[in-house]
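K.L.:
So the chains spell out like this:
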Amino acid sequence: MDRIIGGLFDFMLPELKSPLTGASSDEIMAFIHIVSFIILGGVTFALIYFAVKYRRKSEDDVTPLITHHNQLEIAWSVIPLLLVIIVFAWGYKGWLNLNTAPDNAYEIQVTGFKWGWTFRYDTGAQMPNEVHVPAGRPVKLVMKSEDVIHSFFVPDYRIKMDVLPNRFTTVWFQAEEAGESQVFCTEYCGTSHSNMLAKVVVHEPEDFQRWLSEQGSGGGGTPVERGENLISLQGCATCHSTDGSTLIGPSFQGLWGSERTFENAEPTIADENYIRESILDPGAKIVQGFQNQMASFEGRLSDDDITDIIEYLKTLE
Amino acid sequence: MSNESAHGSHVQHHFVDSDHQFDTAKMGMWVFIVNEILFFGGLFCAYIIYRTWYPGLFQEAALQLDTFWGAVNTIVLIGSSLTVAMAIRSVQKNQIKGLRINLLITIALACVFMVIKGFEYSHKFELGILPGSLYTFEGIEHVQAPVFFSIYYMLTGVHALHVLIGIGLIYWIYRRATKGEFSSEYYTPVEITGLYWHLVDLIWIFLFPLLYLIE
Amino acid sequence: MAPAEDSNKRKLQVKRFVPSENPKRTYLTDETGVWAWMTTVDHKKIGIMFLVAVTFFFFLGGVLALLLRTELLTPAKTFIEADTYNQLFTLHGAIMVFFVIIPAIPSGLGNFILPMQLGAKDVAFPRLNLASFYIYITGAIFTFIALALNGLDTGWTFYTPYSSSHSGSSVIWVTMGIFILGFSSILTGTNFIATIHKLRAPGITWGKLPLNLWSIYATSVIQVLATPILAITLLLLTMERFLGIGIFDPAMGGDPVLFQHFFWFYSHPAVYIMIVPAFGIVSEVITTFSKKHIFGYWAIAFSSLAIAFIGFLVWGHHMFVSGQSPVATTVFSFLTFLVGIPTGIKVLNWVATLYKGSIDLKTPMIYIYMFLFLFSIGGFTGVMVGALSADIHLHDTYYVVAHFHYVMMGGTIIALLGGLHYWWPKITGKMYDEFKGKIAAGLIFVGFNMTFLPQFIMGSIGMPRRYYNYIDQFTIFHQTSTIGSYIIGIGFLLIAYYLAKSLYNGEQAPANPWGSRALEWQATSPPHLHNFDHIPVVINGPYDYHKPMEEFQLGLADSHGAHSKDSDKTIEMTEKEWVDYNLD
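Residue numbers (our numbering), protein chains in the order written: chain A, 1 to 317; chain B, 1 to 215; chain C, 1 to 584.
I should point out that these hints are in silico values taken from the structure, not numbers from a laboratory.
Glycine included, C-beta positions come from ideal geometry on N, C-alpha and C.
Hints may be right or wrong, so weigh each one.
Stated by the list, open to error - The calculated lysine-lysine pairs, modelled on DSBU-like cross-linking and capped at a C-alpha distance of 35 Å, are:
1) 144(A) with 77(C)
2) 314(A) with 77(C)
3) 26(B) with 11(C)
4) 438(C) with 362(C)
As the list claims (entries may be wrong) - Which chain B residues stay away from chain C? Per the calculated CB distances, all over 12 Å, these:
5) 37
6) 43
7) 97
8) 206
Unchecked claim - Here are some chain C residues pointing at chain B (derived, C-beta under 7 Å):
9) 193
10) 194
11) 198
12) 228
13) 232
14) 241
15) 243
16) 244
17) 246
18) 251
19) 253
20) 492
21) 496
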């Protein structure tokens with residue numbers, strides 16, 4: 001029954017890919033839509049019907065004195081009250097389910113930052129802006145933010161949760177089939193809020209295991225590869241392009257060894273110490289034509305990490 | 001209906017008579033006082049939340065506040081509330097001289113309060129107990145120590161601002177009294193300023209135990 | 001006119017005062033000149049000054065909205081940068097909420113109408129009323145300073161820690177501006193509460209108070225109780241940015257969710273500050289243009305107070321996904337539904353009022369028809385986002401954007417337009433062009449639905465709000481929406497044109513062009529400086545359309561005005577009423 005009438009409003013919703021979390025939301029939305037349309041239709045009909053039937057015939061029209069009608073008042077207080085209590089209970093039930101991840105859920109650590117996402121697996125593997133999950137198994141995301149409040153939203157799964165800087169929050173879902181779903185940040189977080197996108201990539205369970213083992217511990221590879229990986233994991237690439245185009249900050253291409261001119265300091269050649277300083281104390285030297293927008297990465301990047309990044313920057317000529 | 005004699009020069013045209021104007025003004029002031037209480041209520045709410053989160057910190061940090069001078073200030077303010085009440089009593093009895101003297105004593109007491117408060121603040125500044133990011137004091141182990149003092153400075157600072165405004169208002173009333181604008185027939189501004197001053201006093205009576213006397 | 005004693009009843013001799021049709025002296029001809037206007041304590045002039053300021057800000061906010069919609073024509077950059085876009089939507093929200101919708105009906109129209117509906121000469125504290133206007137202007141100046149410096153890019157909600165330690169814009173100037181603005185709201189509320197309690201004309205019992213005044217009363221109570229919390233929140237935020245006091249900043253042990261609690265504790269009741277005054281206008285217009293007694297007077301009056309009360313207990317429904325405690329979320333969701341009930345009761349009572357009425361679809365009534373339709377949609381979608389599991393999906397998407405535009409614009413602004421047309425003859429003494437009025441109303445209705453209906457759909461599909469770029473899938477919805485917004489813009493320009501034109505060569509308005517029984521229509525158009533040249537005495541309710549007009553024009557000769565010895569009617573009053581209305 002719900003399925004059939006709910007279908008009327010399917011054009012308003014993306015395909016549901018995690019029925020365990022989203023089915024209840026879809027049903028309640030369909031229910032409210034239908035009841036609302038019936039009442040709104042009644043009200044609109046009454047408005048138009050009265051306007052025609054009781055249109056003013058002359059300026060001296062006399063109208064009957066109808067001050068109130070207790071039974072009617074009670075009826076249209078109690079019936080909506082019952083309806084909203086149904087809606088409340090229904091919504092509450094769905095919400096409890098959304099808040100209670102199954103015990104066997106596969107856990108992934110999520111970090112939001114301005115402006116991107118990092119996903120960490122218990123094997124140590126890390127992925128920027130793409131979370132790979134197995135199909136047919138509940139997945140629980142444990143989330144925190146590096147800076148401001150973000151919010152993790154997957155329309156296909158009907159889940160959303162704020163990502164906060166001072167506490168962990170969680171969401172869970174269970175994608176039933178292999179495929180991809182869009183992730184949005186829905187809490188306004190500054191300049192590139194609308195580019196803070198990610199993808200959920202769902203694999204068949206055995207494909208997922210294969211994918212995970214291919215990732216290794218995330219720390220492997222040459223220094224250049226590690227540096228390249230860090231650039232995307234830490235979100236550097238959101239503001240600094242590697243192809244010479246200007247984003248929020250100056251491009252990394254051709255940075256190494258070039259002469260830099262600043263808003264607030266003497267010109268310098270871009271060497272190891274300049275890059276280290278720019279990462280740990282970004283406000284010290286602001287490149288001409290840019291604003292002081294970047295937060296310090298002190299505590300987020302070790303000296304070894306910075307060395308790897310420098311090795312990678314050297315390759316971008 | 002409304003006879004002309006009731007329409008003294010102080011009665012504005014849209015009121016029927018002096019009593020009508022007085023009642024209306026007093027009601028307006030009460031509404032404003034409710035609004036003031038909610039204004040401080042927000043800060044008290046922040047206080048309660050942080051005290052629940054960090055109970056140990058509040059006990060430890062409160063030791064840095066000088067209970068003796070806090071108590072003196074409490075007595076000073078209660079005294080000033082009394083003199084304001086006496087000022088209103090005087091004007092009701094048409095004793096304009098009494099009104100002026102009581103107003104002057106009130107101003108003096110309010111200034112004493114501010115001076116003591118000033119000493120308390122400057123002593124803390126010397127210790128490095130400054131608000132927010134300027135905080136440099138190392139006498140309290142707790143990591144969140146600056147938060148207690150942020151709340152302390154906000155509460156007492158906003159209260160002190162109210163005291164300053166009160167001093168201004170009472171001085172204004174005093175000037176008008178000197179010009180002979182008040183009598184037992186008309187003393188609405190004296191009454192509503194008095195209400196305001198009682199409020200300022202009352203808020204301090206809550207602040208003192210909440211900040212200084214944490215056991 | 002000495003009253004006669006008669007078995008505990010006292011008799012009052014009243015006379016009929018028919019308002020003259022072509023008043024020689026009005027509030028517009030007395031005390032003219034710029035300086036007289038700027039220093040006036042007349043509630044009518046202050047109301048007009050508020051309306052002018054609000055119109056200016058509405059124009060500004062509207063232009064910002066059109067720029068935003070134009071940028072959203074294409075998925076990537078259309079013509080402005082991301083940072084500019086973020087500033088535009090922030091300012092659009094902040095200006096429309098704080099500078100337009102909150103003051104428009106109470107401080108603007110309300111200031112003009114409230115004392116007249118009470119039969120008073122002015123509000124209780126006229127100088128405070130003027131101060132309220134200048135405080136508003138001061139707040140506006142602070143905001144303009146912010147614009148001239150670095151603008152504002154935090155969203156109108158100022159969420160920490162973005163606003164406290166990440167945004168590079170002039171947050172302090174704006175928060176201080178709105179802090180100051182809050183006092184304007186508080187003082188107006190205080191003034192209106194005292195006025196309604198103390199300055200009612202003889203005979204206006206609480207049961208004969210026009211519903212417009214019940215609405216303004218409920219609004220004023222919210223203004224006085226909620227605005228101080230906003231003030232202290234913004235003060236804390238200012239200090240946070242200025243000194244880093246750390247109450248809301250997680251980096252210093254503070255809690256950003258606490259900010260959200262503080263902010264919504266004001267800002268949700270503020271939603272009712274914005275919509276409840278609109279309810280008052282609806283009650284006034286709908287009875288006048290159906291010549292019918294309001295259906296369920298007490299149900300409508302008390303539902304305003306109920307909304308004001310419950311409105312204080314639902315702020316947490318903005319935070320279902322914020323990480324607040326589950327118990328809080330449950331309670332807030334339940335209370336949110338309860339606040340929907342009195343709102344629904346009102347709509348149904350208004351519809352029932354039309355039954356067997358004599359309905360005249362003049363422009364103000366057309367706006368009220370639009371209000372009933374659009375506001376109902378706003379209400380139903382409000383139930384949708386109040387339902388917990390549905391809100392998880394819809395929160396912070398365009399669905400929410402569409403929902404609150406249906407309430408704030410489809411509700412408040414549309415009712416404001418209805419009220420403006422309704423009282424235009426009273427305020428200016430001129431009639432507007434009825435035909436152009438209906439055309440403009442039609443344009444706005446079509447444009448509005450074209451703008452915001454697609455937003456329900458794309459929000460539900462997953463389009464998040466405050467997005468500068470969007471994925472291609474949403475293009476068609478955004479483009480429809482943008483075209484709709486241009487149609488709204490044309491509608492407003494047309495209104496501005498014919499209203500301005502009516503000031504110059506509009507037809508002279510009769511004292512009571514709509515045949516209303518309400519008290520403000522028993523004064524001349526435009527009214528005298530002191531509203532009435534007599535003291536109105538009210539013996540009937542404001543919606544007693546079954547009684548003849550004569551019964552609504554009674555009064556006592558003012559001791560300052562024309563004297564009259566003959567009387568048309570004798571009213572009996574109890575001793576208590578006699579004393580209550582200061583009749584000695």
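K.L.:
Work down the list of hints and note, for each, if the structure agrees.
P.N.:
To see whether the hints hold, each was checked on the structure:
no. : hint               : in the structure
1   : 144(A) with 77(C)  : holds (30 Å)
2   : 314(A) with 77(C)  : holds (32 Å)
3   : 26(B) with 11(C)   : holds (31 Å)
4   : 438(C) with 362(C) : holds (8 Å)
5   : 37                 : violated (8 Å)
6   : 43                 : violated (6 Å)
7   : 97                 : holds (29 Å)
8   : 206                : holds (15 Å)
9   : 193                : holds (5 Å)
10  : 194                : holds (4 Å)
11  : 198                : holds (4 Å)
12  : 228                : holds (4 Å)
13  : 232                : holds (4 Å)
14  : 241                : violated (10 Å)
15  : 243                : holds (4 Å)
16  : 244                : holds (3 Å)
17  : 246                : holds (5 Å)
18  : 251                : violated (10 Å)
19  : 253                : holds (4 Å)
20  : 492                : violated (35 Å)
21  : 496                : violated (34 Å)
Violated hints, in rising order: 5, 6, 14, 18, 20 and 21; the structure is consistent with all others.
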